[in-house]
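Protein sequence lines, in the order shown, are assigned to chains A, B, C and D.
Note that my numbering numbers the first sequence so that position 86 is 219, with each residue one more than the last.
Note that my numbering numbers the second sequence so that position 28 is 161, with each residue one more than the last.
Note that my numbering numbers the third sequence so that position 68 is 320, with each residue one more than the last.
Note that my numbering numbers the fourth sequence so that position 210 is 462, with each residue one more than the last.
These aren't lab readings, by the way, just hints derived from the structure by calculation.
Careful, some of the hints might be misleading.
[To be verified] Listing some non-contacts, in silico: residues in chain B with all C-beta distances to chain D over 10 Å:
| id | residue |
| --- | --- |
| 1 | Met-149 |
| 2 | Tyr-150 |
| 3 | Glu-195 |
| 4 | Arg-198 |
| 5 | Ala-256 |
| 6 | Glu-277 |
| 7 | Asp-335 |
| 8 | Glu-345 |
| 9 | Val-412 |
| 10 | Gly-413 |
| 11 | Arg-424 |
| 12 | Glu-437 |
| 13 | Leu-441 |
[To be verified] These stretches of chain A come out as covered by chain B in the derived footprint (C-beta under 8 Å, 3 or more residues):
| id | segment |
| --- | --- |
| 14 | 298–311 |
| 15 | 328–336 |
Since the model is a prediction, treat every value here as computed from it, not as a measurement.
Yeah, the Cβ is synthetic: ideal placement off N, Cα and C, and Gly gets one too.
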Amino acid sequence: MAEFSFFPSTERKTAMYERIYRSLYRIRRVEERIAEVYPTDTIKSPVHLSIGQEAVSVGVCEALRPQDVVFGTYRSHALFLAKGGDLKAMIAELYGKVTGVARGKGGSMHMIDLKAGVMGTSAVVGTTVPNAVGYAYAVKYRRENRLVVSFLGDGGVDEGVFAESLNFAALKKLPIIFICENNGYAIHTHQRLRHPALNICDRAAVYGIPTERIENNETLRIHERVKSAVDAIENGGQGPYFFECMTYRWKEHVGPNEDYQLGYRSREEAEPWMRNDQVGVLGALVEESARKSIEQAVDAEIAEAFALAESDPFPAASELMADVYK
Amino acid sequence: MAEFSFFPSTERKTAMYERIYRSLYRIRRVEERIAEVYPTDTIKSPVHLSIGQEAVSVGVCEALRPQDVVFGTYRSHALFLAKGGDLKAMIAELYGKVTGVARGKGGSMHMIDLKAGVMGTSAVVGTTVPNAVGYAYAVKYRRENRLVVSFLGDGGVDEGVFAESLNFAALKKLPIIFICENNGYAIHTHQRLRHPALNICDRAAVYGIPTERIENNETLRIHERVKSAVDAIENGGQGPYFFECMTYRWKEHVGPNEDYQLGYRSREEAEPWMRNDQVGVLGALVEESARKSIEQAVDAEIAEAFALAESDPFPAASELMADVYK
Amino acid sequence: MERIIQYTEALREAADQEMERDASVLVFGLDVDDPKAIQGTTRGLLERYGAERVFGTPLSEDAMTGAAIGMALAGLRPVHVHIRMDFLMLAMNQLVNVAAKSRYMFGGAVHVPMVVRSMIGKSWGQGAQHSQGLYSFFMHVPGLKVVAPTTPYDAKGCLIAAIRDDNPVMFVEHRILHFQKGPVPEAPYSVPPGKARVTAKGDDITLVGISYMQVECQRAHHYLAGEEIGAEVIDPIWLSPLDIDTIVDSVRRTGRLLVVDNGWSTCGASAEIIAQVMEQLQGEREVRVKRMGFAPVTCPTTPNLEDAYYPNARTIAAAAYWMVRASGASWMPEERKDLQSIEFKGPF
Amino acid sequence: MERIIQYTEALREAADQEMERDASVLVFGLDVDDPKAIQGTTRGLLERYGAERVFGTPLSEDAMTGAAIGMALAGLRPVHVHIRMDFLMLAMNQLVNVAAKSRYMFGGAVHVPMVVRSMIGKSWGQGAQHSQGLYSFFMHVPGLKVVAPTTPYDAKGCLIAAIRDDNPVMFVEHRILHFQKGPVPEAPYSVPPGKARVTAKGDDITLVGISYMQVECQRAHHYLAGEEIGAEVIDPIWLSPLDIDTIVDSVRRTGRLLVVDNGWSTCGASAEIIAQVMEQLQGEREVRVKRMGFAPVTCPTTPNLEDAYYPNARTIAAAAYWMVRASGASWMPEERKDLQSIEFKGPF
Ligand SMILES: Cc1ncc(C[n+]2csc(CCOP(=O)(O)OP(=O)(O)O)c2C)c(N)n1
Ligand SMILES: Cc1ncc(C[n+]2csc(CCOP(=O)(O)OP(=O)(O)O)c2C)c(N)n1
Ligand SMILES: [Mg+2]
Ligand SMILES: [Mg+2]
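Generate the whole structure from the sequences, applying the supplied hints.
Here it is, written out as structure tokens:
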């Protein structure tokens, strides 16, 4: 257990649980809403939902400071929101509106919010990992008091650039934390069909990187362990760190539905994860009335964001040619 | 010590030492001759000499059977000859003659001899590693009693394709042996400036591959350890295996000269390797008169190869357009 | 009676028949063995030929391409599948530096019979990294062949030809063409390089439509017919080697060439076709030329910009009209629902 | 008095001056900090600016390109160096899918100011994988800029412009141009995109020479002058964005265009230039066009085939002669030693 859990005042703990619950609930509700809207075909963007995996983004981002930045994958709605990305601009982006994070030109797979430290996500697996490493190089070069977090999936581990990036990050002792969200699958292919051994942490450890595997998708445990790494770097220690966070995707790889009927995995496999639903678990730690008011506020915020996104304008035709070069 | 060293008859041992000595001496003399000729500019091909590193190719190839195949790097004169590649065709290739292994179109960096099982070498670092893996896949698929050896340098380890290739080879349990010739440097950059830890074997071991580091550039030890891997696969065992063979390049990265004056390494660093010169070490194990006759035969063979190469014709102009497609 | 099947089924059948015929044919790539079976194009192959011949891979495009080359060097005929052409950017070293060059740089000692299937995405916000048609890269490099069939008939025949070819073949598919239906003989047949297909006759202008743009050109042909403009439409099918003669013969007659590409124009297939036609017809007759292709920007996701990013039947017809009438008057046909030839429903 | 320095020194000076001026400029890549210092182009930078700003890297082109992008996103201005352009094939994913697209696909939120220096090899059997001029790939992709300076003057000015540019710039060098000497002002200056350079005047034919072929075109100009043929020679300098107007203006006058490229022709820079010129001049005047470039094969190593693989001053002059005289008579000048303008001695 890291230090904060020994000494937090009851108030601090209460506030933190409320923050975390709010974040988990909000992400879940946003994505559920996306799934509801999706069949209407007003969101013309391939959506990779994080439903079931929110714990990782929320646990990690709760440990980060505003000046820290994150890089993610196409499955980054949760990361975007957990890091404080602008909800309205995110939903507008899904609707292809000019008010979106990328002025409607990026869609769900290319989320960005510089103010919140969300540095961008990519549709090509593994691609943002070296970008995050380079960013961390700049942070170190400038002696800035901040750090970079690179999110990737268990599939990203397969790509050669993963090895190259970790090697360089370790060689230069960069202020970066790698978060591997291991949901067991790359699309429909289980890790065991892609790796001779289920030992992702060992792959990072060969570069001399401290690694830890966190089981069971537990928000608080993720938060605590990542916080200790953030603190260590903040206190003059060196990176990188590597965490493998075990989690589970409830919905299909891309799209709003479940896919247990496909046969590549079973609902039985999913059930323990669903029973350990972090929205419920954290909700139970929050006092009933506080929980209700969080939920109401969040529901209202989401309703507003979707309503705005629907009524916001599409980009003008002239936007087609804009922003190829600066 | 592997089994052969327990039971070999004296005759078998003598014959083996003679074979190994012949191979070492021959490679050394060929490359020394290349270095002599090089300043005349008749060899218009960038030459990456293996002088000092012959032990690895010779030790490994002595353990192989004729049906086994090897893939190498641009630094593969030693590998080519040790595996039984045609000397005349090799020298003719350096001279750009139509009698060369690649009809004068490949040069020193693209050695090939299918009859001898030399499957090709590449000027782009790391590139032949997955080719070797794919070849091994074919061997396994066809249930053939042979195996593939993939040679790479310590620099090749840096490339992402190394990790990808080992992962796949281990996943499919392919009949392949990886030989990392670790001469400490990629051009002028030492491994310690490229890797956070000097633990190449660990990088292979994370895929569940049996690994071994062999110190001191010892031909017989390399032979023995690789032989045990070859035997294991021959006897129905599964690959891959990985060996890191510590060795040292005496000459400059590319070209015929020494380069200790450049300052990136010292002659002192080289001296222990030179004192342990395997041509001398193995020569001492061969009876004087046998040694002399080996040397005479090899010298004559080399003289003939160079003479032929000089007098052989260049490809006809029409060869320019030939062999783009089959 | 003609059998009508879908493009995806034509591809599946081609692979199936070749695997049946030749045990050296293998199919692999991310997700070829999963429940979706690459839009059905690999469906049933695993069950029929087993996991050694049909297998999903780790996400390792570089090494798996290198492995395909190694298999080919050993005499197998691998078919390596990628659900997006964009991902080939991870495999360029092996494709450009090894596959394309091995035969020549080893003086003919080896050859590399492999097929790389990859798909171009479009619609429903595929966006920047899931929509590129980058085949001009492969046309640029000697030693590679490139094919982009547009009909189910050619899909089957070209895949069989590609598998039987002794060289590396880049097999380009378009995600929307996957929904195309058409007549396909059941028996195996091959559509090898060498012959472009004239898909519509006309004397006023030559439209060359590449990949999915072939469909849009055929629609444009109908729009133009309504204005009494005869547009000859040509489908090159194989882009490398390219049958330029069929195009030149047509332009010799029409005097006008509009190349509509499913990629960017700069240094693209359309630049190449125009340059070759000019080289051949200069001094013989005057020719008017024009290129259409992706707007010279990154592909946007929002529908209205995405629409403007791509040529379509109406914008093609308008451009052709302008070239033929040379009146300066602009014209754009009304959308005609009856010309919507491929039925598909996203999102995908 | 003009200061004469070598191309490599011009590059070194440009980097030095920019690093001095701007602490956000970094130089890295394999061997930039080694004793050979990339032909001297990075000599002394390590000593002057330290190992955080000038560093060698592991052999990891993909990740290091990605890292350069990350640095650029953080506001640095990385210069990433590759001793062969062929190695960029390992970095295509980051270059094409990320560097080129980030600005657009994030709606202008970010920009990626980075420079990728890479060298084209030639002579002494560089061969298949050490000789490619693959810049047309980068011209094809919106969002990248491409520059291939041929003189020491432009080398310095373009490198400074590239470093100051807020977009990814592919900076193409040629190993033989490294030996080129010429006048170079000491003070920093910039040669930004926008203006091609007319390097020789003439009214009979326009020669566009790209990268090293610019040198061969200038030699060809002299050979042709001996036959009383006036060849205008143009150096595009920046290939993307391309100043087509200067070329069009020249061809409008000469009516003949020969583009000599330091790469393959198919879907290459020469196809693009010819297509653009035709698009602009059609209907206005008749134009004769021709492309020369690498033979459409893999680069062979043996000297006699290597010679035939590349255009050179004499073959260029012969082709131009044939276009101008249109007599069908062939002519090839005798080799003139006085036209050997770059002194260099291999092997390298
Ligand atoms: C380089 C590359 N190869 C293949 C794909 C197709 N693809 C999209 S998502 C995906 C699975 C990635 O799995 P993982 O990294 O575990 O992330 P998850 O989807 O589980 O969050 C694949 C193979 C891709 N986008 N990029
Ligand atoms: C992909 C790639 N990057 C860079 C180079 C340039 N280069 C040629 S050899 C070499 C060093 C390779 O070192 P290593 O693998 O240890 O082999 P060695 O030369 O020591 O035998 C480098 C960087 C290359 N050929 N290919
Ligand atoms: Mg996953
Ligand atoms: Mg080495």
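### Query
Can we trust that Arg-198 of chain B is non-interface, i.e. its beta-carbon lies farther than 10 Å from all of chain D?
30 Å, holds
### Outside-interface status for Met-149 of chain B - nearest CB in chain D farther than 10 Å
Per Cβ check, Met-149 of chain B is outside 10 Å of chain D; nearest 36 Å; holds.
### No chain D beta carbon within 10 Å of Glu-277 of chain B's
29 Å, holds
### Nearest-CB test (10 Å) between chain D and Val-412 of chain B
Holds: least Cβ distance 26 Å, greater than 10 Å.
### Message
Beyond 10 Å on every Cβ pair: is that true for Glu-195 of chain B relative to chain D?
### Response
Fine: 30 Å to the nearest Cβ keeps Glu-195 of chain B off the interface.
### Task
Classify the label on Glu-437 of chain B as holds or violated, using whether its beta-carbon is more than 10 Å from each beta-carbon of chain D.
Its Cβ never comes within 10 Å of chain D, the nearest being 21 Å, so this holds.
### Message
Please check whether the beta-carbon of Gly-413 of chain B is more than 10 Å away from every beta-carbon in chain D.
### Response
30 Å, holds
### Message
Does Glu-345 of chain B clear chain D by more than 10 Å, comparing its Cβ with all Cβ atoms of that chain?
### Response
23 Å, holds
#### Entry: Reported absence of Arg-424 of chain B from the contact zone with chain D (all CB gaps over 10 Å)
Given a closest Cβ separation of 35 Å, the condition holds.
### Task
Compute the least Cβ-Cβ separation between Asp-335 of chain B and chain D, then decide whether it is above 10 Å.
16 Å, holds
### Task
Grab the minimum beta-carbon distance between Ala-256 of chain B and chain D and tell me whether it stays above 10 Å.
Answer for Ala-256 of chain B: violated, closest chain D Cβ roughly 4 Å.
### Query
Has the segment 328–336 of chain A got at least three residues whose CB is nearer than 8 Å to a CB belonging to chain B?
Three-residue rule met by the segment 328–336 of chain A, so holds; n is 6.
This entry does not satisfy hint 5, going by the numbered hints stated previously; all others are met.
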